[in-house]
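Student: Here are the chains, one letter per residue:
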Amino acid sequence: KAGVTQTPRYLIKTRGQQVTLSCSPISGHRSVSWYQQTPGQGLQFLFEYFSETQRNKGNFPGRFSGRQFSNSRSEMNVSTLELGDSALYLCASSWGGRGPSRTEAFFGQGTRLTVV
Amino acid sequence: AQSVTQLDSQVPVFEEAPVELRCNYSSSVSVYLFWYVQYPNQGLQLLLKYLSGSTLVKGINGFEAEFNKSQTSFHLRKPSVHISDTAEYFCAVSGVYNQGGKLIFGQGTELSVKP
Numbered sequence: 001k002a003g004v005t006q007t008p009r010y011l012i013k014t015r016g017q018q019v020t021l022s023c024s025p026i027s028g029h030r031s032v033s034w035y036q037q038t039p040g041q042g043l044q045f046l047f048e049y050f051s052e053t054q055r056n057k058g059n060f061p062g063r064f065s066g067r068q069f070s071n072s073r074s075e076m077n078v079s080t081l082e083l084g085d086s087a088l089y090l091c092a093s094s095w096g097g098r099g100p101s102r103t104e105a106f107f108g109q110g111t112r113l114t115v116v
Numbered sequence: 117a118q119s120v121t122q123l124d125s126q127v128p129v130f131e132e133a134p135v136e137l138r139c140n141y142s143s144s145v146s147v148y149l150f151w152y153v154q155y156p157n158q159g160l161q162l163l164l165k166y167l168s169g170s171t172l173v174k175g176i177n178g179f180e181a182e183f184n185k186s187q188t189s190f191h192l193r194k195p196s197v198h199i200s201d202t203a204e205y206f207c208a209v210s211g212v213y214n215q216g217g218k219l220i221f222g223q224g225t226e227l228s229v230k231p
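Just so you know, the sequences run in chain order G and X. Sequential numbering from 1 applies to the first sequence in the numbering used here. Sequential numbering from 117 applies to the second sequence in the numbering used here.
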């Protein structure tokens, strides 16, 4: 069974640009969550998509957005990049339905975004 | 709402010694609890989980954790560590009645195993 695939692995962008990151979840998983990891703030939840709908949202500005497609693949977009957006962005895949296993998340290797 | 506190930011230990990484959580409702490991430049790998049932949970790589509801703790233990256990470890919580898969993470504990 293939794991969670995130592309690209590394990105360098300039302040003010926008960026799109992609995540392909494990086959059969319908939930995709996104997290930002920085040395100062640790792992912070961005948002979760389930069946093409945003189900949960963290405390990030509107410059951070996402979407999910019918095949459960998800994209995350950050507009008007700031230096502070430099981080490792992690995608987590889970079954997402009812019951305790909905929370069992499998992570991709992440996309390292550097804003210069 | 839930929160997680990992009491040690760094834990140095010698190879073959036992180790305990401490995790306390706060929640007004019942919770699911997880430990993840992150190797350099990698994503997070699930070590073990507590969903219900036995409070002693065994995971991969010889790790185990004990859920203590009265002390709101979920400490991770390994009786004998290897150099390859050097990594960052994260404790995470999710409320049982939360909708969806949102996880709240602690700040992480860097485990450094020395020969």
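Source of the hints: derived by calculation from the structure; they are not laboratory data. All C-beta atoms, glycine included, are put in the ideal place defined by N, C-alpha and C. Among the hints, erroneous ones may be present.
[Claimed, not checked] Mimicking SDA-like on lysine to any residue, the simulated pairs with C-alpha atoms at most 20 Å apart in a straight line are:
(1) X:Lys174 <-> G:Lys57
(2) X:Lys174 <-> G:Ser101
(3) X:Lys230 <-> X:Val212
(4) G:Lys57 <-> G:Gly16
(5) G:Lys57 <-> X:Arg193
(6) G:Lys57 <-> X:Tyr213
(7) X:Lys174 <-> X:Arg193
(8) G:Lys57 <-> X:Ser189
(9) G:Lys57 <-> X:Ala203
(10) X:Lys174 <-> X:Ser189
(11) G:Lys57 <-> X:Ala117
(12) G:Lys57 <-> X:Gln118
(13) G:Lys57 <-> X:Gln187
(14) G:Lys57 <-> X:Pro231
(15) G:Lys57 <-> X:Gln215
(16) X:Lys174 <-> G:Gln18
(17) X:Lys230 <-> X:Tyr213
[Said to hold, decoys possible] Derived, one-sided and incomplete: chain X residues facing chain G with beta-carbon distance under 7 Å:
(18) Gly159
(19) Gly217
(20) Lys218
[As the list claims (entries may be wrong)] Pair ranges (Cβ atoms, derived):
(21) G:Ser65 <-> X:Ser119: 24 to 32 Å
(22) X:Thr171 <-> G:Pro61: 20 to 28 Å
(23) G:Val116 <-> X:Pro156: 19 to 27 Å
(24) G:Arg112 <-> X:Gly178: 28 to 36 Å
(25) G:Gly28 <-> X:Gln158: 48 to 56 Å
(26) X:Pro128 <-> G:Leu83: 27 to 35 Å
(27) X:Ser142 <-> G:Gly58: 15 to 23 Å
(28) X:Pro156 <-> G:Ser22: 16 to 24 Å
(29) G:Ser65 <-> X:Gln187: 26 to 34 Å
(30) G:Ser101 <-> X:Asp124: 25 to 33 Å
Student: Would you mind confirming whether the straight-line C-alpha gap from Lys57 of chain G to Gln215 of chain X stays at or under 20 Å?
Tutor: holds, 11 Å
Student: Do the beta carbons of Gly28 of chain G and Gln158 of chain X sit within 48 to 56 Å of each other?
Tutor: violated, 23 Å
Student: Assess, step by step, whether the Cα of Lys57 of chain G is no farther than 20 Å from the Cα of Gln118 of chain X, and give holds or violated.
Tutor: Measuring from Cα to Cα gives roughly 15 Å; hence the hint holds.
Student: Would you mind confirming whether the straight-line C-alpha gap from Lys174 of chain X to Arg193 of chain X stays at or under 20 Å?
Tutor: Between Lys174 of chain X and Arg193 of chain X the Cα gap is close to 10 Å, so the pair holds against 20 Å.
Student: Taking only the CA atoms, is the gap from Lys174 of chain X to Gln18 of chain G under or equal to 20 Å?
Tutor: violated, 43 Å
Student: Taken at face value, is the distance from the CA of Ser101 of chain G to the CA of Lys174 of chain X at most 20 Å?
Tutor: holds, 17 Å
Student: Is 28 to 36 Å a correct range for the gap between the Cβ atoms of Arg112 of chain G and Gly178 of chain X?
Tutor: Between Arg112 of chain G and Gly178 of chain X, where Cβ atoms are some 30 Å apart, the hint holds.
Student: Straight-line Cα separation of Lys57 of chain G and Ala203 of chain X no greater than 20 Å?
Tutor: With a Cα-Cα distance of about 29 Å, the restraint between Lys57 of chain G and Ala203 of chain X is violated, given a limit of 20 Å.
Student: Going straight from one Cα to the other, do Lys57 of chain G and Pro231 of chain X come out at no more than 20 Å?
Tutor: Violated, at roughly 44 Å.
Student: Compare the distance between the alpha carbons of Lys230 of chain X and Tyr213 of chain X with 20 Å, and conclude whether the hinted pair is satisfied.
Tutor: At roughly 42 Å apart (the allowed maximum being 20 Å), Tyr213 of chain X and Lys230 of chain X break the hint.
Student: Sort out whether Gly16 of chain G lies within 20 Å of Lys57 of chain G, counting only the CA atoms.
Tutor: violated, 24 Å
Student: Can the hint on Lys218 of chain X be confirmed by a CB-to-CB distance to chain G that is less than 7 Å?
Tutor: holds, 5 Å
The structure does not agree with the numbered hints 1, 3, 4, 5, 8, 9, 13, 14, 16, 17, 22, 25 and 29 stated previously, though it agrees with the rest.
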